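First to last, the sequence lines map onto chains A and B. Under numbering that gives the first Met the number 0, the first residue of the first sequence is numbered 0, with each subsequent residue one higher. Under numbering that gives the first Met the number 0, the first residue of the second sequence is numbered 0, with each subsequent residue one higher.
What the hints contain is simulated information worked out from the structure, not anything from laboratory work. In this text, all values refer to a predicted model and were calculated from it rather than measured experimentally. Take these hints with a grain of salt, some might be off.
Dumping the calculated DSS-like pairs for lysine-lysine here, alpha-carbon to alpha-carbon at most 30 Å [claimed, not checked]:
1) B/Lys245 to A/Lys119
2) B/Lys22 to A/Lys119
3) B/Lys148 to A/Lys119
4) B/Lys141 to A/Lys119
Taking beta-carbon pairs under 10 Å as the criterion, some of the chain A residues facing chain B (in silico) [what the hints assert, rightly or not]:
5) Gly120
6) Gln121
7) Ala125
8) Ser131
9) Met136
10) Arg138
11) Ile139
12) Pro142
13) Arg146
14) Gln179
15) Arg215
16) Tyr217
17) Ser220
18) Leu221
Partial list, derived from the structure: chain B residues whose beta carbon lies under 7 Å from chain A [unchecked claim]:
19) Ala75
20) Trp101
21) His103
Glycine is no exception: its CB is placed at the ideal position from the N, C-alpha and C atoms.
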Amino acid sequence: MLDTITRWWEGFAPYVPGFAAASGLVLVLSVLAIVVSWACGLLAALGKVSRFAALRRVSEFYIWFIRGTPTLIQIFIIYFGLPQMGLRLSPFVAGVIALGVNGGAYVAEIVRSGLSAIPKGQMESAQALGMSRWHMMSRIILPQVFRVILPPVTNEAITMVKNTSLLSTITVVELTLYSQTIIATTFRPFEFYIATALIYLVMTSLISQAAGQLERYYARSL
Amino acid sequence: MVGEPLIRIRDLRKRFGAHEVLKGVSLDVHAGEVVSVIGASGSGKSTFLRCVNVLERPNGGTMDFEGFHFDYEEGARRQPTPAQLRDLRARIGMVFQSYNLWPHLTVLENVVEAPIRVKGERPAEAREKAEALLARIGLAEKRHAYPSKLSGGQQQRVAIVRALAMQPRLMLFDEVTSALDPELVGEVLGLMASLAGEGMTMLLVTHEIGFAREVSNRVIFFDQGVIAEDGSPGDVLRQPSSERLKQFLRRVLHEDAYHAAPAAPLLGGRA
Ligand SMILES: Nc1ncnc2c1ncn2[C@@H]1O[C@H](COP(=O)(O)OP(=O)(O)OP(=O)(O)O)[C@@H](O)[C@H]1O
Ligand SMILES: [Mg+2]
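Assemble the whole structure, with the sequences as input and the hints as a guide.
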């Protein structure tokens with residue numbers, strides 16, 4: 000038994016630095032894509048309630064298109080499609096943009112539903128005291144929205160980490176593509192895919208953990 | 000009453016779509032007056048109150064208040080600007096039926112938020128004043144509690160204190176006891192009565208006819224979007240001139256009696 004484990008570890012050990020680097024890339028990709036998704040999502044959420052019909056139309060189309068098409072096709076459009084239009088992006092940049100734009104449509108919906116979960120009286124009592132719109136949003140409304148949307152936002156972050164695996168298809172050597180290249184030479188798909196899965200699992204579990212802590216912190220006023 | 004009114008409203012009109020809710024309301028309120036607004040559901044009482052601090056933008060008429068002159072007529076040049084509205088609202092307190100305390104802030108934070116960030120008071124000073132106000136209503140110990148830990152009556156009294164912390168010149172109350180359990184109504188009405196006693200100018204919508212009679216020095220009856228009767232509580236409540244007010248009073252007083260009656264005999268005469 001001990002023998003088997005030792006042998007298994009010896010087979011695995013040479014790839015540890017590679018796995019670490021690939022995992023690091025997953026984190027970097029996820030963080031950047033999440034930042035892009037929030038920028039897109041907030042813009043789209045604002046656009047959807049804009050005074051201007053054209054902006055509303057654009058936001059609605061964006062959300063409709065992204066949510067109704069496969070993420071993989073969106074990645075292909077940006078990486079393989081855009082060069083035809085004269086815009087050639089590196090796999091890394093194309094990947095961050097594709098995942099960010101994709102996540103933005105979901106963030107927009109989350110923010111919108113969070114805003115509509117706040118009773119109108121919350122805004123009215125702020126306005127009635129003479130607060131500016133900005134003051135009301137930043138100090139009264141958004142902190143409450145944030146608490147409401149924390150669970151779906153956590154899900155989105157987890158989805159983002161898992162979706163980076165799709166970038167293996169456009170030659171970003173993140174965790175999934177890295178393990179595939181090893182498997183191509185070691186012919187040990189079982190161990191290496193399990194190991195890869197476990198690394199994703201650690202990352203997503205850490206996100207859940209952190210979100211749980213935050214939720215407990217917010218629960219103090221419930 | 001003589002002298003300049005604190006607030007002067009002329010021919011105020013408000014419609015939602017095709018539905019005209021206020022059809023020309025004129026009213027002067029002098030400093031120190033306590034005016035109760037009564038009327039059937041849907042007669043436009045809340046809409047009127049919300050037009051006073053422009054939570055609803057009127058469609059016509061004028062308003063004068065502390066140097067502000069607003070003309071709501073379509074296309075008028077004296078429509079209030081956003082900055083004027085903030086200034087106006089900072090001087091008019093409003094308390095709602097549903098308290099509307101901010102749940103993510105403690106009692107004290109609820110009270111000091113606007114004085115610090117709207118009026119620019121120094122935090123230490125604002126806190127001191129807030130604590131004094133909370134002590135006055137017996138909620139000093141609750142200052143670090145979140146609203147969810149308070150009873151409805153306590154929340155509503157904090158909401159009143161939150162408005163008072165801005166040192167308003169006029170207070171608006173919209174059925175502030177309607178959402179409360181009956182046994183908690185008294186503490187809120189008590190606070191309002193003591194405010195009235197201290198000379199606060201108040202405009203309040205209420206179904207508490209007893210409170211309107213005892214505390215206010217003027218009662219106005221809203222009917223179908225206009226002020227149908229306006230006078231001292233004695234005149235309006237004891238000698239109503241219109242048939243509609245008589246009907247209305249019969250109905251609410253009847254409900255009052257219904258709520259008050261069963262308690263004593265059924266529960267073994269604790270009263
Ligand atoms: N935002 C709104 N949009 C459309 N109609 C409205 C709006 N606010 C009020 N109304 C309508 O205006 C009329 C007057 O409403 P308001 O709330 O002022 O009555 P009220 O006298 O306060 O009644 P209550 O005693 O039930 O509180 C009602 O018919 C109501 O449906
Ligand atoms: Mg009302």
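Okay, the hints, checked on the actual structure:
For the hint linking B/Lys245 to A/Lys119, the alpha-carbon distance of about 35 Å lies beyond 30 Å, and the restraint is violated. Pair hint B/Lys22 plus A/Lys119 holds up; C-alpha atoms about 26 Å apart against a cutoff of 30 Å. This hinted pair checks out: B/Lys148 and A/Lys119 have alpha carbons roughly 21 Å apart, not beyond 30 Å. Between B/Lys141 and A/Lys119 the CA atoms are separated by roughly 26 Å; this keeps the pair inside 30 Å, and the hint holds.
A hinted interface residue such as A/Gly120 counts as satisfied when its beta carbon comes closer than 10 Å to some beta carbon of chain B; here the least separation is about 4 Å, so the hint holds. Annotation: A/Gln121 was flagged as interfacial toward chain B, and the flag holds, the nearest CB pair being 6 Å apart, inside 10 Å. For A/Ala125, the shortest C-beta to C-beta distance to chain B is roughly 8 Å, which falls under 10 Å, so the interface hint holds. Interface restraint check: A/Ser131 against chain B, minimum CB-CB distance 6 Å, threshold 10 Å, status holds.
Evaluation of the A/Met136 hint against chain B yields a violated restraint, the C-beta minimum of about 13 Å exceeding 10 Å. Against a cut-off of 10 Å between C-beta atoms, the interface hint on A/Arg138 holds, since the closest Cβ of chain B lies about 7 Å away. With a cut of 10 Å, the hint placing A/Ile139 at the interface with chain B holds, because the nearest CB-to-CB distance is about 6 Å. Annotation: interface hint on A/Pro142 holds; nearest CB of chain B at approximately 5 Å, less than 10 Å.
Proximity of A/Arg146 to chain B holds as hinted, the smallest CB-CB distance being about 7 Å (cut-off 10 Å). Taking 10 Å as the C-beta cut-off, the interface hint given for A/Gln179 is violated, the closest approach to chain B being about 47 Å. Interface hint at A/Arg215: violated, since its Cβ lies 15 Å from the closest Cβ of chain B, which is beyond the 10 Å cut-off. The criterion of a C-beta within 10 Å of any C-beta in chain B is met by A/Tyr217, whose closest approach is roughly 8 Å, and the hint holds.
Below 10 Å, beta-carbon pairs count as interface contacts, and A/Ser220 has one with chain B at about 4 Å; its hint therefore holds. Interface restraint check for A/Leu221: the shortest CB-CB distance to chain B comes to about 6 Å, inside 10 Å, so the restraint holds. Checking B/Ala75 against chain A: minimum C-beta separation of about 22 Å lies over 7 Å; hint violated. Of the supplied interface hints, the one on B/Trp101 holds, with its beta-carbon coming within about 6 Å of a beta-carbon of chain A, less than 7 Å.
Contact between B/His103 and chain A, as hinted, is supported at the beta carbon level, the nearest pair being about 5 Å apart and thus within 7 Å.
Violated hints, listed in ascending order, are 1, 9, 14, 15 and 19; each of the other numbered hints is respected by the structure.
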